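S.K.: Chain residues, written in single-letter form:
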Amino acid sequence: MHSLNLPLKQISKISEIFFVPNGLQCLTPKLRNGYNKRMLPFFRRRSKPTLPDIERERKGPPEGLWFKCDGCGEMLYRSQLEKNLWVCPHCGHHFRIGAGKYKEILLDNKEFDEEIAPNLTSLDPLGFPDYKAKIEKSMRKTGLKEAAIAGVGRIGNRKIVLFITDFGFIGGSMGSVVGEKFYRAARKAIELKVPMIAVTASGGGARMHEGIISLMQMVKTSLGVLEMKEAGIPYIVVLTHPTMGGVMASFASLGDVLIAEPKALLGFAGPRVIRDTIKQELPEGFQRSEFLLEHGMVDMVLNRKELKDTIIRILDILEGN
Amino acid sequence: MGITLLDFEKPIYEIEKRIKELSELIDEHPELKEELEALTKRAELIKKRVYSSLSRWQKVQLARHPDRPHAIDYITGMTDDFIELHGDRLYGDDPSIIAGLAKIEGIKVVIIGQEKGRDVHEKVYRNFGMPHPEGYRKAKRVMKLGERFNLPVVSIVDTPGAYPGIGAEERGQAMAIAENLEFMLGLKTPIVVAVIGEGGSGGALAIAVGDVVLAMEYSIYSVISPEGCAAILWRDGKLAPKAAEALKLTAKDLYELGVIDEIVPEPLGGAHRDHATAINNLKTAILKHLRNLMKLDKNELLKRRHEKYRKIGYFKEE
Ligand SMILES: [Zn+2]
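Sequence lines, in order, name chains A and B.
Mapped onto our numbering, the consecutive letters of the first sequence carry residue numbers 1 to 321.
Mapped onto our numbering, the consecutive letters of the second sequence carry residue numbers 1 to 318.
Derived by calculation from the structure, the hints in this document are not laboratory data.
All values derive from a computational prediction rather than experimental measurement.
Quick reminder that beta carbons are idealized off the backbone N, C-alpha and C, glycines included.
Treat each hint with caution, since some may be false.
What the hints assert, rightly or not - Footprint (simulated), chain B over chain A, 3 or more residues, beta carbon under 8 Å:
#: 1; region: 102-112
#: 2; region: 168-180
Claimed, not checked - Over 10 Å on every C-beta distance to chain B, these chain A residues come out as not near it, computed from the model:
#: 3; residue: S79
#: 4; residue: Q80
#: 5; residue: G143
#: 6; residue: R158
#: 7; residue: K188
#: 8; residue: A231
In isolation and in its complexed conformation, chain B is listed as follows:
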């Protein structure tokens, strides 16, 4: 796997490369110890400075970072057992949504996850994480299974959006999304949603209605891509950085707007620099919420879920 460097990551990469070189020499040249320590300190400082002042657009780039852990990595890393289930029993199986039965620290759950794919071959196979209606219907079928056997739902969101294609429209993309919204609102089992990368509009929302919605620190969630927004507003997709600012799409924005319930911290520099820590952080957060939600009576659970969505909106009434 090659390293993909974002512009603002380059100085950090340079200094880390130097540190690595020095540490390889240190056994033969103990006199370099001081320089190595100073460099390590400086690297930490630079990282903190860079990552505490990221623009929204830079966070968009992190959210889409090709080396970022994907749904598969989280599922593999978090679960003690995972049995994948396939197909919507109507039309086909959509590889851009993974669904199955799993155990997380002994808690039995069903897991849904949007998977973008890692290498070129897999990206094509996964349709870059852009689901067709059959993907949403598979998710719905598996969630229904969870409800029947008293298994909470863990839903992992990472998609540029629902796939805009002829077949998708023929088979009712809008209908599939709408039905999932209504279905998830009424599902009598706890739902914990985690946005791990890109939450692309309705295509994300169709598996993202939940009792608790978590977002990884450098994930985004938006009604439209910054590029799409810029194209509509200013007829220029290159103004995406400006659109990203306007859309308020970072985890921090979402938390402040009351759309997500918790921000899950990522390792310094972002999840792509340390998969294990990112996965463990999310696992800890999911477990905490699952344990809380599983204590609730089902009617109380639904009452709270409905109340939460009923409240979202900003308007005035004279």
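With the rest of the complex left out, here is chain A:
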């Protein structure tokens, strides 16, 4: 519910009427259509849609033993939430988690057997104001060297290449290192003849601080996808909150199968830019996973707890006869 950003009182009322515990993705298609046609005006009338400011949202799991759910306001116990893969047991809110956590969730051994290009770090090709300091700060804060990690591991005892971006590192933006790392990960998948899985989170997409060079990483990553497709490598993308801009407009949209986490903000232009351009409020749920599902842009919206099993089943079938 958090993503709708309604006052709590209103949420509980609306959810009683229209929402089942895990949100829209659990509604039957018939009900979803009903939501489209009849309930949207209701939302428009009852609520003043305000868009969540991604920058002000939590960058990662909250600190402390006890904390309030960002979605429903219930008090949650840390270890309980950990076990639940950082999905609120009450409202289904998916807390933002870093790249390292997705690695733990998806891989059998919770760790890469072999990391890909772990020592790539950014240069500052444009001499952009404060870029170096920003990188250093992100390194200290996240313990990562860049906004993506990649490696070879096992999922359901099947060898794969896993590539994950981390929102905590300059918003998960793509500069030269992310582009190069994705490309190398794709080559690794081709070399080992194993599937590739990418988990994405990126606020702005291409990293402004590397200017046109980061824009070109959209081409480089798309080349990685093209080469995988030519080599017959299955490529699955898991879109998490948020995946926008140049990342969404390159490798994140090019998967053979696109899976989205519930209520993730996914799209090209940021909601604020759109609102400022068209000078009108945006419909509720705009650019969220469920919206993309309705418009045919993703294959499914999955609770985080179903991710691993579903990926294993997809890979099994894509392996062919």
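Assemble the complex: chain A is given as a structure, and chain B with the ligand must be docked to it using the hints.
M.R.: The following block gives chain B with the ligand in isolation, referenced to the frame of chain A:
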């Protein structure tokens, strides 16, 4: 068409106006000849001085200059024949991208071009050159046609960016752009791209993957507009000139960064002051590259294209 003057163009305009006045009087007053010659020389000097020391922000203004030749002008000026094709066969026709079959000096090609529109009415019709997904999908369809009939692609880039709107997102703006990138990387026919004005981020890139990427001298190509960059960095869009410096978005910067292959010279003072020369310069450059690329075996062509994009990136590895 009224004349739009940028601040730094004003002294040049003043002196040129004076020259024009004098030259109209010269038949009756031959004694003015010397003054006219001196003034003409001074005008040239001033122009050279002004245009050799333009800041990046001034170049941004030139790239967006309303009198600058647009895609339509280049297409009309460069081609011996042009047949426009419409529609993406999925949803609609996007007038912000023009696509069609053409001949340039006898070479048969397909042309794609982003068109901003000239007068108010046409600007609205063209959506100010900001494409929707259907525009990118039309471009893709026509490029595919080019591949089937062994026609090279000429792609003309001039957009503030892909349109940020509700319909655009509903119909998969990100998806349309991503698919074009992958598609153009694999297209088995030569692609020559020309950035003629504004290369606005992903919205430009979606038709700008090519074997050769040219940029007009006063064009720009950037991951974000200087205004947008300034708003994010310093929460003040008015600092756009500073952001333009930081973004390194001019043709010269792009060439030095290895993102474009050639800078196409513009007439002194910029393409808007002399459309014919600008168009002819671009036509010459496009023809040269088309002739070279058409000699290449298709596998070699793709190998080179892929190698070029694989190499772009600045990083270190310990
Ligand atoms: Zn909750």
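S.K.: Run every hint past the structure and note whether it holds.
M.R.: Taking the hints in turn, this is what the structure says about them:
1. Here the region 102-112 of chain A counts 0 residues with a CB under 8 Å from a CB of chain B, which misses the bar of 3, and the coverage is violated.
2. Only residues whose beta carbon comes within less than 8 Å of a beta carbon in chain B count, and the region 168-180 of chain A has 4; three or more means the coverage holds.
3. No beta-carbon of chain B comes within 10 Å of the beta-carbon of A/S79; the shortest separation is about 37 Å.
4. Listed as a non-interface residue, A/Q80 keeps its Cβ farther than 10 Å from every Cβ of chain B; the least gap is roughly 36 Å.
5. Remark: the non-interface label on A/G143 is consistent with the geometry, its nearest Cβ contact in chain B lying 17 Å away (cut-off 10 Å).
6. Distance to chain B confirms A/R158 as a non-interface residue, since its nearest Cβ pair spans about 25 Å, more than 10 Å.
7. The claim that A/K188 is not at the interface with chain B holds, since no C-beta of that chain comes within 10 Å of its own (minimum 15 Å).
8. In this structure A/A231 is separated from chain B by more than 10 Å, as the shortest Cβ-Cβ distance comes to about 13 Å.
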